[in-house]
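Trainee: What follows is each chain in one-letter form.
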Amino acid sequence: MSGIFSFPGKSDPQRFAQLVEPHLQHLYRLAFRFCGNRADAEDLVQDLVVKLYPRYGELAAVEMLRPWLARALYYLYIDQARRYRRSPLEIVEADDPQLLAVPDPAATPEQAQERRQFLGRLQHHFDRLSDEHRTLLALHDMEGYNLPELAEIFDVPVGTLKSRLHRARSRLRELLEKDGTF
Amino acid sequence: MTCKDNTGDLEEYLDGKLEGERYTILVQHITTCVSCQAELQKRQKLRQALKEMPVPPLSPDFSRRVFMAAAQHGRKELHRRSFYTGFGSAIAAGLALWMVTAVWFQEEPPPAQPLPTVSIALDEVRKVKLVFTSARELHQAKVSIRLPDNVELAGFPGQRVVSWEADLDQGKNLLALPLRALQQQVGTLEAQIEHDGKIKILRINLAVEKSPITGSSERSLPLV
Ligand SMILES: [Zn+2]
Numbered sequence: 001m002s003g004i005f006s007f008p009g010k011s012d013p014q015r016f017a018q019l020v021e022p023h024l025q026h027l028y029r030l031a032f033r034f035c036g037n038r039a040d041a042e043d044l045v046q047d048l049v050v051k052l053y054p055r056y057g058e059l060a061a062v063e064m065l066r067p068w069l070a071r072a073l074y075y076l077y078i079d080q081a082r083r084y085r086r087s088p089l090e091i092v093e094a095d096d097p098q099l100l101a102v103p104d105p106a107a108t109p110e111q112a113q114e115r116r117q118f119l120g121r122l123q124h125h126f127d128r129l130s131d132e133h134r135t136l137l138a139l140h141d142m143e144g145y146n147l148p149e150l151a152e153i154f155d156v157p158v159g160t161l162k163s164r165l166h167r168a169r170s171r172l173r174e175l176l177e178k179d180g181t182f
Numbered sequence: 183m184t185c186k187d188n189t190g191d192l193e194e195y196l197d198g199k200l201e202g203e204r205y206t207i208l209v210q211h212i213t214t215c216v217s218c219q220a221e222l223q224k225r226q227k228l229r230q231a232l233k234e235m236p237v238p239p240l241s242p243d244f245s246r247r248v249f250m251a252a253a254q255h256g257r258k259e260l261h262r263r264s265f266y267t268g269f270g271s272a273i274a275a276g277l278a279l280w281m282v283t284a285v286w287f288q289e290e291p292p293p294a295q296p297l298p299t300v301s302i303a304l305d306e307v308r309k310v311k312l313v314f315t316s317a318r319e320l321h322q323a324k325v326s327i328r329l330p331d332n333v334e335l336a337g338f339p340g341q342r343v344v345s346w347e348a349d350l351d352q353g354k355n356l357l358a359l360p361l362r363a364l365q366q367q368v369g370t371l372e373a374q375i376e377h378d379g380k381i382k383i384l385r386i387n388l389a390v391e392k393s394p395i396t397g398s399s400e401r402s403l404p405l406v
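Chains as they are written, first to last, in my numbering: chain A, 1 to 182; chain B, 183 to 406.
Bear in mind the hints are in silico, worked out from the structure with no lab data behind them.
Just so you know, even glycine gets a beta-carbon here, dropped at the ideal spot from N, CA and C.
You can take every hint at face value.
Restricting the straight-line Cα-Cα distance to at most 27 Å, the calculated cross-link-like pairs of lysine-lysine (BS3-like) are:
1. B/K224 x A/K162
2. B/K311 x B/K324
3. B/K199 x A/K162
Distance ranges between label pairs, derived from CB positions:
4. B/G190 x A/A60: 38 to 44 Å
5. B/Y205 x A/P157: 22 to 28 Å
6. B/H255 x A/P22: 19 to 25 Å
7. A/A61 x B/Q219: 47 to 53 Å
8. A/P22 x B/A317: 32 to 38 Å
9. A/Q113 x B/L304: 40 to 46 Å
10. B/D243 x A/E174: 40 to 46 Å
11. A/Q113 x B/Q210: 34 to 40 Å
12. B/Q230 x A/D131: 21 to 27 Å
Please construct the entire structure, taking both the sequences and the accompanying hints into account.
Mentor: Pasting the structure below:
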């Protein structure tokens with residue numbers, strides 16, 4: 001029976017899970033940055049995993065799986081976003097990002113409250129950036145991808161990415177300044 | 183150096199990539215220029231805040247669910263392929279079954295956390311509140327409630343699915359469902375909102391218990 005699973009490139013559920021599972025949390029973080037809510041982020045990651053399942057052979061041959069998966073997630077997100085804009089509905093969850101902001105033990109209650117409000121406004125404006133700006137900031141400023149890695153992911157030269165990053169940050173700041181947050 | 187054209191250097195400085203003479207010039211300039219100091223601080227603050235933006239935790243059973251979905255989907259693919267290539271369908275079916283159980287075995291250990299559960303006493307009517315947040319006003323959204331066997335919606339005896347159209351406000355929309363408990367068991371209720379081809383589903387468990395439950399006659403889910 002085991003011979004049946006050694007078809008070249010055929011997905012073996014256990015091996016597939018072993019390969020992908022360690023990256024699931026990271027993929028979800030990225031997806032959350034892209035989508036702005038947990039339900040859509042989980043759907044996006046699930047769609048990706050389902051799509052990758054038949055491509056086990058290809059995956060197993062990838063040397064650096066993390067950026068490879070990030071790239072696949074990014075293109076899937078862009079592809080889905082193009083076809084249908086994000087869902088207008090959002091289920092209220094107990095884990096509202098605003099409530100989750102890590103409190104600074106040294107901060108006074110007023111400072112902590114101010115911090116929460118600031119992060120809330122930031123999330124609000126971040127979600128309204130263009131896909132190009134949001135995904136770039138998510139990968140670089142939030143999840144720590146470096147420019148050479150991003151050049152691979154986006155198929156864009158480092159110099160272009162640098163100026164794109166500057167524009168993305170400026171745009172975000174402009175939005176924050178406009179509503180008096182910054 | 184004028185303050186206007188050093189924004190690129192400020193960014194590189196924050197990246198830790200500014201070196202040599204440009205580094206020295208910028209650092210010297212910053213120590214004397216109040217406006218550049220403020221500018222640097224703002225940029226730093228924004229970057230720091232972006233790093234700190236929280237991510238809610240994954241659903242507890244996510245990993246199991248995802249790999250099951252992948253294996254199930256793979257099974258369908260296999261069936262389809264086997265049909266076209268003449269691959270013995272009996273073998274394909276055996277294989278598919280094994281694939282699913284394999285993933286189950288592997289993914290079972292972390293106990294899947296249950297859905298939020300609301301308890302209702304047998305024969306009691308209890309209002310269960312669900313909150314949907316909408317980013318904008320929605321006109322004529324289709325609301326469907328799929329009920330498990332152990333409860334019914336007061337006023338709709340015997341109906342398993344109750345659907346209607348509703349307008350949703352921007353922001354929080356409260357849906358209060360008066361549920362009557364019929365049988366002593368646990369079932370899952372699905373509340374679905376459909377608009378413009380998009381669907382959102384909320385699921386909760388309803389546990390019908392024998393003894394009357396003390397406490398508030400209304401129960402608000404931890405989802406709120
Ligand atoms: Zn200056």
